[in-house]
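Asker: Using the hints, position chain F against chain G.
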Amino acid sequence: MTSLLSKIREIMVGWNAGRVTLPYPAAPAPTPPRFRGRPIFDATKCIGCAGCANNCPAREILVYDVCQEIRILKYLGRRCTYCGRCADVCPEGAITMSGEFENATPAIGDIEQRLELFMSTCQRCGRCFTEPSPLEQLKLKGYRFDDLEHDRWVFRSQGYLENSPVVDDLTIELD
Amino acid sequence: MLKNICQKMLRRSLWVYHANSGGCNGCDIEVLNVLTPYYDAERFGIKLVGSPRHADVMLCQGPAMRSTACALRRAYEAMPAPKLVFAIGSCACGGGLWHDSYSVLGPVEKLLPVDFYIPGCPPRPEAILFGVAAAAGLVDKKVAPVRFKQAEFPIPRYHPEHLRGRGELVVYEKAERV
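Protein sequences, first through last, are from chains G and F. With the working numbering, the residue at position 144 of the first sequence is 144, and numbering never jumps. Counting the second sequence from 1 gives a position; the working numbering is that position plus 1000.
Hints are not guaranteed to be accurate.
To be verified - Here are the computed lysine-lysine pairs in the DSS-like style, where the Cα-Cα straight-line distance is at most 27 angstroms:
| # | chain 1 | residue 1 | chain 2 | residue 2 |
| --- | --- | --- | --- | --- |
| 1 | G | Lys7 | F | Lys1047 |
| 2 | F | Lys1149 | G | Lys45 |
| 3 | F | Lys1149 | F | Lys1083 |
| 4 | F | Lys1149 | F | Lys1110 |
| 5 | F | Lys1141 | F | Lys1047 |
| 6 | F | Lys1083 | F | Lys1141 |
| 7 | G | Lys45 | F | Lys1142 |
| 8 | F | Lys1141 | F | Lys1110 |
| 9 | F | Lys1047 | F | Lys1083 |
Unchecked claim - Pair by pair, the computed Cβ-Cβ distance ranges are:
| # | chain 1 | residue 1 | chain 2 | residue 2 | range |
| --- | --- | --- | --- | --- | --- |
| 10 | F | Pro1113 | G | Thr21 | 51 to 57 angstroms |
| 11 | G | Ile70 | F | Arg1166 | 44 to 50 angstroms |
| 12 | G | Val13 | F | Tyr1102 | 50 to 56 angstroms |
Just so you know, these hints were derived from the structure itself, not from any lab. Every value quoted in this text rests on a predicted model; they were computed, and no experiment measured them. Just so you know, even glycine gets a beta-carbon here, dropped at the ideal spot from N, CA and C.
Only chain G is shown next, with the shape it has when bound in the complex (with noise of 0.2 angstroms):
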């Protein structure tokens, strides 16, 4: 008797609290206004800086020259955290934060963008406009040289560090 009660007592009150179940994947889902999702590359606004790629926390954005005048930006968007410091540091507004957040995929390539950049150069000599000051130099952002075959980072240290004990064996272990 008390357990038919406790049944029309939980019909009650689920019958009171109505349906709360979102209509989503058959509905689309409003996102909030501040919402960040994938980061949209403006390639027509894009001046090929490489802030966003040294910014970058994850490490997503990768930039190589492949000649003097073409430049390669490619966001992979694997680990990408959608942090938004990439919009914050571009000078052009190139990048905005979409409210893109249905990225599933089954293959990983599909989030990737690839941004091919025409750079232009000195007309007279046709070489990149230098620094004055060699402290400038160390700063400037292009001429980097990513591994974009497989995707990662080259840092100038790597001859030193392949040379290194430590890291060998860090290899051989994680093989």
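Answerer: Then chain F, alone, in the frame of chain G:
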């Protein structure tokens, strides 16, 4: 391919087992949020089970780490075939922010064959639900790789090798193009 597997082999319902191999618990909480009445995943037949031996799908959260690699591999081998692996979160998809740390091996696809990726840090409950629905063939995926090439701006260049001595003068041969 994946759609066919899902529709033929796993027609009735997906029982999921969630394996956290060193994540920060953010994705765990979002996965549990999917199972609450608001985002009721049980209407698709998805049920969370406690043992990999009962599961069809493994939800991997967190990167493949050195300390948990062996356990994750054993949990995957304990699942009965056909089995699917979903990588949830940016740690499982790409190795996370600490991908170059000494204890992180990388994404879980280094250890297990991953069938579906749901990026995000953490992904929204809707994103996880979308991923599961896309894997089950209810909705289509929405992302595609973007490749853009800027039109090459026609700036003629000055090449010193085209300078030719002609009598006393030095003439640039391609002067009309500079």
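Asker: Would you mind marking each hint as holding or not holding in the structure?
Answerer: Here is what the structure says about each hint:
Restraint check for Lys7(G) and Lys1047(F): satisfied, since their Cα atoms lie roughly 24 angstroms apart, inside the 27 angstroms limit. This hinted pair checks out: Lys1149(F) and Lys45(G) have alpha carbons roughly 12 angstroms apart, not beyond 27 angstroms. Restraint check for Lys1149(F) and Lys1083(F): not satisfied, since their Cα atoms lie roughly 40 angstroms apart, outside the 27 angstroms limit. Restraint check for Lys1149(F) and Lys1110(F): not satisfied, since their Cα atoms lie roughly 32 angstroms apart, outside the 27 angstroms limit.
Only pairs whose Cα atoms come within 27 angstroms are accepted, and Lys1141(F) paired with Lys1047(F) is accepted, the gap being roughly 23 angstroms. Proximity of Lys1083(F) to Lys1141(F) is assessed by CA-CA distance (about 21 angstroms); at most 27 angstroms being required, the pair is judged to hold. For the hint linking Lys45(G) to Lys1142(F), the alpha-carbon distance of about 24 angstroms falls within 27 angstroms, and the restraint holds. At most 27 angstroms may separate the alpha-carbon atoms for a hinted pair to count; Lys1141(F) and Lys1110(F) meet this at roughly 24 angstroms.
Among the hinted pairs, Lys1047(F) with Lys1083(F) is consistent with the structure: their alpha-carbon atoms are about 15 angstroms apart, no more than 27 angstroms. Separation of Pro1113(F) from Thr21(G) is about 33 angstroms and departs from the stated range, judged on CB atoms against 51 to 57 angstroms. The hinted range of 44 to 50 angstroms is not satisfied by Ile70(G) and Arg1166(F), whose Cβ atoms lie roughly 35 angstroms apart. As the Cβ distance of Val13(G) to Tyr1102(F) is approximately 53 angstroms, the hint placing it in 50 to 56 angstroms holds.
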